[in-house]
Every structure is written in structure tokens, then in C-alpha cells.
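K.L.:
Below are the chains, spelled out letter by letter.
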Amino acid sequence: MALLQISEPGQSTAPHEHRLAVGIDLGTTNSLVATVRSGEAVTLSDSQNRDSFPSIVHYGESGIEAGHEAKLHAISDAINTVVSVKRFMGRTLNDIQAQHDELPYILKPTENGLINIETRHGLVNPIQVSSEILRPLVALAEQSLGGDLVGAVITVPAYFDDAQRQGTKDAAQLLGLKVLRLLNEPTAAAIAYGLDSHEEGVIAVYDLGGGTFDISILRLNKGVFEVLATGGDSALGGDDFDACISQWIIQQSGYTGDHSPALQREITRVACDAKEQLSFLKVAKLSLDLPCGSHWQGELSREQFNELIAPLVKRTIMACRRTMRDAQLSVDEIKQVVMVGGSTRVPLVRQQVSGYFDKELLTSIDPDKVVAIGAAIQADILAGNKPESDMLLLDVLPLSLGLETMGGLTEKVVHRNSTIPVAKAQEFTTFKDGQTAMALHILQGERELVEDCRSLARFELRGIPPMAAGAAHIRVTFQVDADGLLSVSAMEKSSGVQASIEVKPSFGLSDNEVAQMIKDSMTFAKGDMDARMLAEEKVEASRVLEGLVSALSADGKLLDEQELTQIRHAMSELEQAVEAGDLKAIKQAIGDCDNASSSFAAKRMDQSIRDALSGQSVDDI
Amino acid sequence: MNYFELFALPVSFDIDTGDLKAKYLELQRHVHPDNFANATERERLLAVQKAAQINDGFDVLKHIDSRAQHILSINGIELAHETQTLKDPMFLMQQMELRETLEDIPSASDPEQALMDFQSEVDGYIKSINRLFSSLFQQADQVSFEKAGDEVRKLKFMLKLSQEAVALEDKLFDF
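Protein chains in written order, with our numbering: chain V, 28 to 648; chain B, 546 to 720.
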């Protein structure tokens, strides 16, 4: 008798249909896109065989350009050419001014403290700039793969906070690109490395990029990638090495005149060249044309360079120590140290990291590509192209989440390095008789004082039933999903009233603002806008239908006749709505399908837990 | 939620941590949201909640203080929001002494060594409470549970000291 093939819950029932999905490494300096083709993960190249694209956007007279074309204008039109925008993501003007001496842009604070950059095309925010970096990558992918993408895995520094993660996700959303997952860069590197080497045991991934530093300690075991601890600095990278050399150049040249944006960029370029040369030479020769026709030439030895950057490299080693302690491991338990990111080519970095871990470093994998490759592997699995995969990624929350309490102090609710998804509840009570509202301030960071932590959001709980002071029990639940993104809900326990929450992200964009930006980015007429929304809703509808078909074929047996009829009815209503092409009706029908299948979803979840504990997986039956 | 049930383990203080870990991973393989990337919104949300619950359960059972507290809670002794204080003068005296030792570490001639000594002393107390738990929970009667409750309270003091020692380490050695 032929055996019936049943796929994993939630995954495609049609194994032969290859869904197009990519991994994108949205870097500070360069960005890459990769995909799995005929079972192998590869980076995608443009017509000139380039697979690494500068993360630069030029707001030019004739339009917006990104990548190599934008880089051409970095010096000649510095003020309208945005580089390293990742360093601005989710940051306030104060943060940025504290980190950078001089920037060749005009920065304007927004109402909620974030920044806008003034360009020829008006004010743009870091989310919009990032979406311009993504745009040609998505176009390249769709062109090379010959179809629409079902989605992308986008990598973020493990040490990115909630605002920075949300900003990255919003950038993709602006393009209409579905984010299958935000994946931490060191975890992506570990996937690429682990699946390739079949290595098992504990590894450290040291990832020093253009603007960010991460250290992650992972245990690799039979397809499980378990992050034990992560640490880092989301404002430390190769750009800072360049800045050290730039300062040295200015000092050496004795130049005291004005720093035009063009001159700043030129100095940075010379500094960056010198840094790269010093990876293989003992001495770098530098030369710079200064305004008023004078010319400066100098030499920088590797020893001098090492001295300049030593404090920065030391900061990364301190972060390694702290993370090792969080993982409760000693260095001799680390089997391998994987080096990721272009800045790990710097000899002092290699020497210090190898010294701390007391190991030879693994530098045989391409430090520039490994993150995109790992993301592509994960995207392929999430898209449902590898139903036989038993890969499991268990990542952690990089920074603690907490609430402001009396006296400007932070009380931690979810601790850093908790495995995500995570949900934690905290109970509060009212302070006054008859109090019906309560203000909560959500923070992220390790420090005790509110002012030293990142403010994520302010919440107002309303609709608390009036009671005596201290009688109400308000339970606030923090939930962090697998992307590391936070959501908060609250309820009054004694009455069961779900307190309504007004979310005001401190440094993010509200859903309305994102919607507005999508509208603003549309240069077409309203008809085109409607067409896009209808197309997106149709895609969502087919996802819902496909999900249900696959769920029913796998676990239909869990339902009685009546439940089955209800679901089938809702599905056919949805099919008809899609057929009719009415946006409102499709939305309604998707909601109905969701309601009709809610208890089915819960039953399936319980069933898979029983399967897990009985040691039987669905495909063993 | 009885986390022992979630992991299909007998309610016991002396659990096989290897077995716990294996069951934890098997559960996550089934319910982790990554398995539901193409499922309906409802299923994805459910997966996030389930995976979070399993993570929490693993965390509770993995650590001796929360595991002990969980067993007591299953047996009707709730310590989570208690206001009852420890009435053990000997223990409190010892706590005060430990606290003084901790405060003196920054001015010690070799703070690093002093901190290490302090940490191993506290670790020693934690280990002895662990052994006590083992025998008290095996007896599993009301008197033993109440004694175990007191030990949980003591353990919390010790763990707090241990955390403060780590915080001091951060401060002294610029982590």
C-alpha cells in the first residue's frame, strides 16, 4: 500500500513548487542578497558580476540612486549622498551627535526625537533611506530568479534594540517586501558555517562590521543552533577605525581651515584606504589634496594604527568577556571562533581575539558573504522549500526589557539573553481610589537609571474599573517574538477587563506613519494605490487558504463534522471574494477564516506537543 | 500551568537535566514560530505564545530556586508574592556578615581574589541548599515542604548576593 505523504504543519503541501525567497545582509557599508539555487546558497551578482553593493543612497537631480552609482557622488555631492545610514536607525539626534564629530549632512530632529536628513528630495528618514538600499537588491533578485519573491530574511546586528529592529522591518515593508524573519547576523553566520562544516559543540562568532559589533556564543547540535548569550555594541565598527585615522590625518596635516562635506568624505576615503592597506602592509602611504591647492603626504605604520584603534578593539574584547560570563562558559570550552565582517581583516583585531580565546581563528570562510549566505539558507527553509529540514534556531533577547518605577529607576521584566520567543507578566496596582488609567514607560537596556536606558514606548492603560486604591490587579504582559520584537498587552484581573492600550513608540514609527510613508512613496495615482492594496490582500488570502489546506490535510482528523463544514464554508467564501476582486470583502473573509479556524489552530498546537513528547513527529506516522 | 506536565516529567526535584533538555528541544522543534512562517496569522501568534511558554517552563525547571518554588506551588504553597519574612536569626546574621564582606571587596589588597573567594563561599552555601532540597522534596510531607519554603527564601538571599557580586565585578573590572 502506498503511504500517504504528510508534510510538517504549516509548510507547503506542494514540494515541487519552489518558492522564491532571499536572504539580505543589510550592512552598514555594503549590502548583499543571496538565495538557495539547486540546493546551494549563493550570492547574486549584477550584470557587472558584482555581488556586494555599497549601502549608499544618492538623492540626485535626476532621481534616487543606490549602490555603486550612488557611491560615485559620495564626495562630489556629499550633502545629498547618505552613507552608513544603518548607524542612524532608531537613533536620536543626541545619540548621533554624541558618536560622530562631524557629519556632512543637515540633520533635523523629528517630533519623537528621531532624525530626518535634509536632501535635495526633501526630508528623508533612515527607514526610507534603508528601503532605497533594499530596492535594487530586491529588483536584482526578482530579475535573476525570474519571479516575485514570497519574502526575505533580513539580517540585523544581534545587539540591535527594538527600535532598530522595527525600523529595519519597516524599511522592507515600505517596499512591500514580506519579512519572513529578522535574523541576527552572527546567528546567520553560524548557520552558514555549521551546516557547511557539520561542526558540533560551542562556537563563538565575532562579528565586526562597518558600524556594529556583535559577539554571540552558540551551541551547535544536530541541526539546533542555540544562542547561549550575545553581546556587543551597535555603535562600534570599521567606520570608527576610519574616524581614528581621519583625526590623525587632520592633526598631521596641520590643516585648520573649514571642513566642507566634500573634504570630510575625502579624508575618510584616504583613511579607509590606509586601513585596508595596513591589513597586508607594514606601512601605508597617504596623500590628500587640501583646499587652497596645498597637498599633504604622510606615512602611517601598522604600529601607529594599532595604537590609534587599541581602545576600540579593547572594547570588543571586554564585550567578549562579559558575554562569556553570561553564557557561563570558560574560553577553553569554545571549540571554534568564527570571524565575520570586513573589519575582522584588521591584524590587531585578529591578534587580540585569538589571544583572548586562546585559539586559532576560523577565517577561511568569506567574512563579507557568510551572513547573506546564512540568511538565504534560513529564507529557503521558512519559505517552505525544505520540508525535511529539522533546523531549529533558538536566539536570545540582546538587551533587558523593563519598566520605569518610582524615582526614575528601571525595573527589569525580561532579562537579557532570555531565549525568545519570551513572554513575561508583571502585576501592578492602582495608587489612588477610583483610578481608571495608568501610564507605563517601557525601556530597554542594562542600566539602573531610566535616562541611561533606551525608551521604547509609553503606554496608557485606560478603562480600569474604578476601585479602591490597591484593589485593581493589572497584569501587563511583555511578549517578544522570534524576531526580537516586543508587543505589550494588559488586563485588569479581578474584573477581566482588557485595558485598552495606547501605544506611542518613543523612537519608532506608528502603523499610521508607516502607512503614510507608503502613500508618500507612491508617485502614482490613487487607482494604482488601490491596485497595490488589492494585490497584497490577494497574496494574503492565498497564503491563508494554502495554510488551511495544508493544515486540513495534515490534521483534519482532529475536527468534527460541524467544525470542518464551518472552515470549508469560510474558505469557499474567501475564494469567492478573491474571485470577485473586492478588497473589503477579501479582508472580511480572511477575518472569518481566522475565526472559524481558531479552535482548530489550538487543537493542532496541542497535537504537535503530544507528538513531540511521544517522540513521534508527524512525518514518522 | 504545571511545567512538569508540559514536559511529561514526574513532579520531582531530582530531575534528569539531560532528559529535560532533550524534551525541551523536541517541543521547540514542533512549536517554534519558524515552523509557521506560512501559516495563518492565528497559528503564528499561537506558536509564539506556545514557544514562549515552553521557554519559560524550561527556565523554571532548569534553575533550582524556581524548580523548588514550582514544586511548592503545585503543592499549594505559594511563595511568589508572599510577604512572610524569614525568622532565622542565625541566617540573617550570616547574611549581614556576607554583605559586609562584599562591601569591603573594593578596598581589599587584591579585589579580584577577594571577589573570587566571596563567590565561591556563596556558591558553597547554594550547593548545600541544593542538597537539602533533594532530601526535603523526597520526604514530600507538609513539614518538609514548609522547611523547603524557608530554604527557598534563604536561597533567594544567596542568589541576590551572587548577582551583586557579579555587578561589582562589572564595576571593578570595567566589563
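Simulated from the structure, these hints should not be mistaken for laboratory data.
Remember, predicted model here, so these are calculated numbers, not experimental data.
Don't be surprised by glycine CBs; every beta carbon is placed ideally from N, CA and C.
Possibly wrong hints are sitting among the right ones.
Stated by the list, open to error - Below, in silico cross-link-like pairs of lysine to any residue (SDA-like), each with a Cα-Cα straight-line distance of 20 Å or less: (1) 249/V x 567/B; (2) 607/B x 640/V; (3) 566/B x 206/V; (4) 196/V x 590/B; (5) 451/V x 608/B; (6) 716/B x 472/V; (7) 716/B x 355/V.
To be verified - Part of the chain B face toward chain V, derived, beta carbon under 7 Å: (8) 572; (9) 573; (10) 591; (11) 631; (12) 634; (13) 646; (14) 647; (15) 648.
K.L.:
Work down the list of hints and note, for each, if the structure agrees.
P.N.:
For each hint, the structure was consulted:
1. 249/V x 567/B: holds (12 Å)
2. 607/B x 640/V: holds (18 Å)
3. 566/B x 206/V: It is violated: about 30 Å lies between the C-alpha atoms, which goes past 20 Å.
4. 196/V x 590/B: holds (18 Å)
5. 451/V x 608/B: holds (17 Å)
6. 716/B x 472/V: Judged against 20 Å, a Cα distance of about 16 Å means the pair holds.
7. 716/B x 355/V: Given pair residue 716/B, residue 355/V holds - Cα atoms ~19 Å apart, limit 20 Å.
8. 572: holds (5 Å)
9. 573: Nearest chain V Cβ about 6 Å off; hint holds.
10. 591: holds (5 Å)
11. 631: violated (23 Å)
12. 634: violated (31 Å)
13. 646: Where the cut-off is 7 Å and the nearest Cβ of chain V is about 21 Å from residue 646/B, the hint is violated.
14. 647: violated (18 Å)
15. 648: Violated, because the Cβ-Cβ distance from residue 648/B to chain V comes to roughly 18 Å (cut-off 7 Å).
In summary, the numbered hints that this structure violates are 3, 11, 12, 13, 14 and 15.
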